[in-house]
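S.K.: Listed below are the residues making up each chain.
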Amino acid sequence: MEATREIYWNVGHGVILPMYGFFAAAAGAMAYGFYKKLAVYRSGKALDRVSGPADRLARAVSWALAQLKVLRNPFPGLFHAGFFWGFLLLTAGTTLIMAQEDFTARLFGLRFLQGDFYRGFSFVLDIAGLAAIVALLVFFVRRFLYRPKGLDTAADDCLAHALLFFILVTGFVIEGARMAVTELHANPELARFSPVGLLVAGLLPGDPSALEGLHKTLWWTHMFAAFGFIAMIPFSKLRHLFLIPVNYFFSDTGPLGGLKTIDLADESAQTFGAEKVNELSWKDIYDSDACVSCKRCQDECPAYATGKTLSPMKVIQDLRGSAFAGPETDIIAAVTDKALWACTTCRSCQTTCPAAVEHVPKIIEMRRNLTLMKGEFAGEEGRAAVSSLEVNKNPFGLPNASRADWAAGLGVKPLSEDPSADILYFAGCYASFDRRNKAVAAKFMEICAKAGVKAGLLGKEEQCCGEPARKLGNEYLYQELAGENIKAFAKYGVKKIVTACPHCRHTLGVHYRDLGFEGNVVHYTVFIKELIDSGKLKLKAEPFEFTYHDSCYMSRYSGITEEPRAVLAAAGGSLAEMERHGDRNFCCGGGGGRALLEEKEGTKISVERVKMARATGRPVVVSNCPFCLTMLEDGIKTADCETALKARDLAEVVAERLA
Amino acid sequence: MKILVCVKQIPDMASKFKPNADGTWFNEADLAFRMNEYDEYAVEEAVKLREKDPASELVVLSVGPARVVEALKKALAMGCDRAVHVQDDNVFRKDPWQIASLIAAYAKKENFDIVFTGMQSQDRGSAQIGPLLAGMLGFSCVTTVIGFSLEGRTATVRRELEGGAKGIVKAALPAVITCQLGLNTPRYPTLPNIMKAKKKEIAAFKAEELSAEAALSAAEKFYAPVKKGTGLVLEGGDAASLAGKLIDVLKEKTTVLRG
Amino acid sequence: MKTLLVFEYRRGKLSEANQELLGFAAAAGGESAGVLVGSEAGLPAFGGKLYLGDIAALGEYDPGRHAEIVLQAAQKESPDLIVFLQSSYGWDLAPRVAGKLKAAQISDVTGVVDGKFEAACCNGKMRRLVEPATKVAVLTLQEGSFPVSGTPSGTPAVEKLAPSGSAAGLEFAGYEEAEKKEVDLGKAEVIVSAGRGIGKKDNVPVIAALAKSLNGEMGASRPVVDAGWVDHNRQVGATGQIVSPKLYVACAISGAIQHLTGMRNSEFIVAINTDKDAPISEVADVMVIADVMPFVAALTEKLKK
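Protein chains in written order, with this note's numbering: chain G, 1 to 659; chain D, 1 to 259; chain W, 1 to 305.
Hints were generated in silico from the structure; no laboratory data involved.
None of these values were measured; they are calculated from a predicted model.
Treat the hints with care, as some may be off.
[What the hints assert, rightly or not] Label pairs and their computed distance ranges (CB to CB): (1) D:29 <-> W:159: 50 to 56 Å; (2) D:244 <-> G:572: 34 to 40 Å; (3) D:1 <-> W:57: 31 to 37 Å.
Heads up, the beta-carbon is just placed ideally off N, CA and C, and yes, glycines get one too.
Pulled out of the complex, with its shape left as it was, chain G reads as follows (with noise of 0.2 Å):
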């Protein structure tokens, strides 16, 4: 017996002509949906996002066939996966059905549902829709009974479920009714190929008229739910079908945390930053479309988790309600300065975020508005750093000629007075004037020595790198801090920058490129490394247990995690992870000018991580950024446990080592 089946069995093939009108009908007001859409985003700013179309599209592809993002979250992203890849199968199969009964055997008389092929294909299409309504049940246990916290269920989520829950179950109880009918008295053999459909059939009565009827009235309310699904997508959450891949196809290609470079030189440019929805880029908008609410980002974000106003989730959906509301609507009086201060632009929320929504830069582009354009501070404590910063070059307002006053005796000096360096160490205002990272760089220096490196300091010629200038929203700043170190750069001919600060590297490596310098700039930590592997650096290891804090710009903006656990490794080291590490690190609360902030709103970020480094039972956490050690030095004292956690830098601990 032939292995395959009658297609339009019992409804016949006269439903061709009205299945094809509903459906255009529902693909109708479908695209109808997204082209309202259009005009939406089109309120935004011009951007590039379509430059090296192939690799964008290779990467849309990819990422939404593998479920990359949100597979990052196994629970519940392998759920959502499994229902992706059920449903997505289910809608290919019915699409062959469709191809071959309405298109090749009428034109060409060609069947390809029969044989081999239609049992696999009977089976796959039967796993795959077990898949998705198991999927569909512990989205419907986590989502309605179990409740997370922070996740929000809208009008739309229930009927989303309600539709996909109907059209899987009426979907097999079809299949169940034709079975029933026909393959299991004509075909037996072949009925093993549908488990689920030949479960359902055992449990249908056996009247063949009474199935009948049923699986007619199913059959029409199953193509009805079918195409009503289709035509709610835009104007649902079910959105993001679409628009989450076509977002990946969007997404930046350019480094880890690049920010727009605002051109200075443009006398035409009015307005800077964004207050309106139209000053907005056309991604921003369509990014917070693209949002889904699925809190990922929130309950990544240290600020959140910390008990202040910022959700990253609910900056994206102010953002979105703001864009739908018209394009001169005030989207810092949605989201409110108060959030966009709180950021740490940690990175976690963006990184995490399965829609590959950039929330970072959007947030910056509002700080840029309050601070470019209505010349607001984050507080007394954040105007009185950006002074000391515009005066003094460093945001302590201490004098910029005592800069390289930690390198006293060290036997480093400024390339002023020796230009012969192999590297420039770019100290940084941290390492350059805090006590306790002064220590850490002149450990630094120690390993240097060791190594036969010789390095040079641009001493007083060297400024802040502008990097919390630039996050607190101060382009202008930055551009001018930016300007005088790459001048400096550029009259000692510097090719090499090893930092002390990730936040260093990160600026002067990426951001700078924007305004010109091209040299290579590495973190002391990766050049430990590097000299660690080429032999001119020998260590001792002494054994020590410890955690090790990422700090959010080696990880997350500049994707360094193996090297410092390499080197601590080397050095010795037993590591115990903190549950959140490499790239899901969680943030010190020094990011995004932070440091230089008072943290009024609830609790202390620094404080939360101390706990966690508590947590895994190490004396010590170490750490490779100033920013990180003070903090995590604050919080260890804040939280009262000094006896029992101690931050170093990992300079120190490797300085201790040298063989």
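Starting from the known structure of chain G, fit chains D and W onto it as the hints suggest.
M.R.: Here is chains D and W on its own, set in the frame of chain G:
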């Protein structure tokens, strides 16, 4: 209404000061300069007044070497309409009488209704320019102002007095107002205003062309003060051991830890 | 050397700071006369000639006519120096008098060296030695720089003066009281004050804890009060309270002159600061060079034991 605001550029007060070559003032090398804090209050108040009356004009003036143009630019970015730079590389040798004379000579070229300036400069700290200038121009003058309002041609100001009290004074225009901390919070210039300021006029005058008044006093020496305290310095070691040392000193030298 | 001392009234009373004028006169040597816009009911304990303008007629703030009284006295006395206090009265009046006379004025004088005057500059961090080139010079004295030894005594020989004109340009419209003081720092034996260098409002309780462990009160410098970290009634300084406790601990206070004015007469002064050369070192009996917050915490801990 024509408004003048006089500003000085001064070194950051956190700097370490070293005498210059002739030993009469500080050496400018390695110093970071900024607008005198009290003058920032003056600029803010002047800009606020300027904004109330679109027909008014606000001029900012500074005396000094080329670097003071930065302070003028900041004032322009804060909202002054145009700037006057009285060029004088040796302004540090001039006494308040000479500086007030330079300003007065310029101010007489235009009919200003009101002049704002800081109550004193943070570096020289003479607190004389305002009243001297008022005297030279025949204006009324109120110093140390922490509150200002204008109705018609009468300004009502609050003067800061000792112990936190304030004196309320009504001053008829034309007047010189010297501004004190607490008067206002100076605005941070917005980027569009910084850009606009780049195109605003900065008129330059040579000091010697404005006034040839001789100095009434001359500085001989610039130095750090002799310390009056007993000069005991505790440093080094960790906080706990330092605290122990301080407690020993307090036990020996004071009575507060007894009983 | 002949000096004309310009005494002052503050809020209807002779200012105690007038004593510093006598201290200066003693330091400068030579003859001295005084001038005061005040009333016969309250005259300074000064044995010389005193020119008196009637405060009932002139009011406490009428710099035009007050200056005229001083000028009349100066004309009668032909002094070498006309000496004011560096106060809200003195710094307002002195340049008006100096301007009229086209006399050199030296402000914020902290000392006399060989007939030249030492004046504070750079926020009190530095000094200039200035020599007047005019026959008569006007000085304003930094408070606390010329302490008088012993209790001044004497009764002045009063000569009344009246200005020729009426008040012009300015009209005094009364006082606005300082906010009520709930804390009387003046009575505290120990004061521990917080400066802007403590960094943030959150650190205020740490300073307060040290004050408590010393059975004292917490004070603050003006920037800390202006920042809203500490209430105004705890401000120490020229515009806050003038204090002289047995022990004054200045935490992260660099020592702006207006603060020094408020606390320099304390019996024993401890300054905790990272900058050894901060102006506070000028008056401190002990400088502790340390990061302020950890040190204060450690000190409080030790004092508890």
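S.K.: The structure should be examined with respect to each hint, and the outcome stated for every one.
M.R.: Against the structure, the hints:
1. D:29 <-> W:159: 50 to 56 Å: 54 Å, holds
2. D:244 <-> G:572: 34 to 40 Å: 36 Å, holds
3. D:1 <-> W:57: 31 to 37 Å: 35 Å, holds
In this structure, none of the earlier numbered hints is contradicted; all agree with it.
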